[in-house]
Amino acid sequence: MSQTKAYAAPSASAALTATSIPRRQPSERDVKIDILFCGVCHSDLHTVRDEWHSIMPTTYPCVPGHEIVGRVTQVGTGVTGYKTGDLVGVGCLVDSDHSCPSCQAHVEQFCPDATFTYNSPDKHGTAPVTYGGYAENIVVDERFVLKVPTNLDLAGVAPLLCAGITTWSPLRRWGEIKDKKVGVVGLGGLGHMGVKFAKALGAKVTVFTTSPNKKDDALRLGADAVILSKNAAEMKAQAGSFDFILDTIAADHDINAYLGMLTLDGKLTLVGAPEKPLSISSFALLFGRKSLSGSLIGGIKETQEMLDFCGRHNIIAEVEVIPMQKINEAYARLLKSDVKYRFSIDMATLKG
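With the working numbering applied, the sequence shown covers 20 to 371.
Just so you know, these hints were derived from the structure itself, not from any lab.
A virtual CB, placed ideally from N, CA and C, is assigned to each residue, including glycine.
Hints may be right or wrong, so weigh each one.
The following label-pair restraints were derived from C-beta to C-beta distances [said to hold, decoys possible]:
#1 298 - 144: 40 to 46 Å
#2 192 - 308: 27 to 33 Å
#3 75 - 230: 48 to 54 Å
#4 97 - 53: 18 to 24 Å
The whole structure should be built from the sequences, with the hints applied where relevant.
Right under this line is the structure:
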């Protein structure tokens, strides 16, 4: 076991501060990674503040971070897929039981014994819970390590490990979207990735937003059209015309208005997680035989497919790079949606 520098929250009401945490020595199948960049996800903030206590109570100290890009510095004797010097990524998962139906179907995120990158019971006994990527390094089972394309800007790659796969997975699972009419609700950390992916996959992409000042940016990111959702006339003109809608909004909103945008057999998938339950009209689903579903990140296999696609199409997240020491300021700005579109921490600043 060794000690590594990190930033942790000691309680739900305290700021994140510099600390030292234990990391296990690499075992036979482990890969040790020197972390270069770590994205900042809104779930980091929720977890640090224990806002999901009823579902996933937070154990302190909490070291967040599950959008990790780094370089391999050591491998176990049984590791076959990686070598020292490789550029790699780690997302929201670091282990599972490897044998359940979900694992066999390559959707490890639904494994009943899945180990999340932080705030999950640590099976290795290194600490009470797993510690995430706001740290100098991390040790991960090679089965949960991902190959990172070498042609991409690494700061922008980091958020792909959560925001990227969260939007990629439902778009790919829906089916062939080339030339289909696809809507993306919201243009934030998730929404901007949904726009990039849908466009690269050949869809005709429309962004729904409440903010008129986001129109130009939506078009710059690849949207073919922008609808102001507060404009009743614009919404009415597009009713019943969308094949698929990706809803990325994490705040309370009228989902029935977007169900009304779907065509016959159209589908709406939620990837945002509003705090309060959404009110859904059965008639909004019955008329048009529409479907409503949810999606949670993605399995390791499809995450690697997503990264490979990004490498071929030069897709990365739009990021603002920050030093580790500004993480509390970044959290405050995140609460105000004051970022375009993700923060990415330069972990070299932790070493100073």
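Okay, the hints, checked on the actual structure:
no. : hint                  : in the structure
1   : 298 - 144: 40 to 46 Å : holds, 45 Å
2   : 192 - 308: 27 to 33 Å : violated, 19 Å
3   : 75 - 230: 48 to 54 Å  : violated, 31 Å
4   : 97 - 53: 18 to 24 Å   : holds, 21 Å
Of the numbered hints listed earlier, those contradicted by the structure are 2 and 3.
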